Amino acid sequence: MKIRVKSEGVNIFIPIPTSLFYSPITRPIGLKMMNKWLRENMEKEIDKKDFKKMAEALKLMKKKYKKLDLIEVYSAEGDIVKITL
Amino acid sequence: MKSLGRKIADLRKDKGITQEELAQKLNVTAQAVSKWENDISYPDIMTLPQLAKILGITVDELFNDPPQQEVRLVEEKDRKNFDDLMFRIIVDSAEGDKVRVNLPMPLVKIGLDMGMDIPQINNQDALKGVDLKQILDLVEKGVLGKLIEVESADGDIVEILVE
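Chains as they are written, first to last, in the working numbering: chain A, 1 to 85; chain B, 1001 to 1163.
Just so you know, these hints were derived from the structure itself, not from any lab.
Straight line, CA to CA, 27 Å or less: simulated DSS-like cross-link-like pairs of lysine-lysine: (1) B:Lys1080 - A:Lys59; (2) A:Lys62 - B:Lys1098; (3) A:Lys64 - B:Lys1077; (4) B:Lys1141 - A:Lys64; (5) B:Lys1013 - A:Lys2; (6) B:Lys1109 - A:Lys52; (7) B:Lys1035 - A:Lys66; (8) A:Lys62 - B:Lys1133; (9) A:Lys63 - B:Lys1053; (10) B:Lys1109 - A:Lys2; (11) A:Lys59 - B:Lys1133; (12) A:Lys36 - B:Lys1133; (13) B:Lys1013 - A:Lys64; (14) A:Lys53 - B:Lys1133; (15) B:Lys1080 - A:Lys53; (16) A:Lys53 - A:Lys2; (17) A:Lys64 - B:Lys1080; (18) B:Lys1133 - A:Lys48; (19) B:Lys1098 - A:Lys2; (20) A:Lys44 - B:Lys1109; (21) A:Lys82 - B:Lys1035; (22) A:Lys63 - B:Lys1109; (23) A:Lys67 - B:Lys1146; (24) B:Lys1146 - A:Lys64; (25) B:Lys1015 - A:Lys66; (26) A:Lys62 - B:Lys1109; (27) A:Lys67 - B:Lys1015; (28) A:Lys2 - B:Lys1015; (29) B:Lys1035 - A:Lys6.
If you're wondering where the values come from, they're calculated on a predicted model, not measured in any experiment.
Just chain A, same shape as in the assembly:
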């Protein structure tokens, strides 16, 4: 998964190693990161089982829809933010 931000004079590329979510050894790190974000933004948490389900679906979708733009934001000022699978 990749996050790209293009703005005037700024070009940011953030690769998110989703493969970390697939392995049972590294998955807890991803779960911890996700729960931190969910608590801060949605006052929610997900459990291990749901996270595993999500990671597996993500892996399948990544195979099926290579480089799919999950989210694209085009601001009126010309800034672009894209989250690609």
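Following the hints, put chain B in place on chain A, whose structure we already have.
Quick look at chain B alone, frame taken from chain A:
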């Protein structure tokens, strides 16, 4: 109306081909395709027929918007597999900002199981009353197309399509 670049990008993604593959077929560089898709430059007029053919439309359709994707009931025999459907949220704000969310159905279903709803996916207050589960039930029964169109008090237009 969608820009030409946006249309090329959407059709290319629907066909499942990369910018590099499209460039190779048209004998241009991947950078040229990227520029078309970002509306920085436009394809050469001689390239248009081949481009339209690869994207599975006519040159005329490339420049004109297709009829709106209205809601429709698809017969069971003509239905796509539920897991092959794409859930799209299109937001055009009054200020000119545009948001496009493209989620494969299996991810939407998992999000729903995890207790997420549409405003959390897209942070749009205009959709607070929309029941995602109800939408998925409709889709499972074969209702596809533009399922929701909301105009907020601020003038933002939000559409939900399932194709």
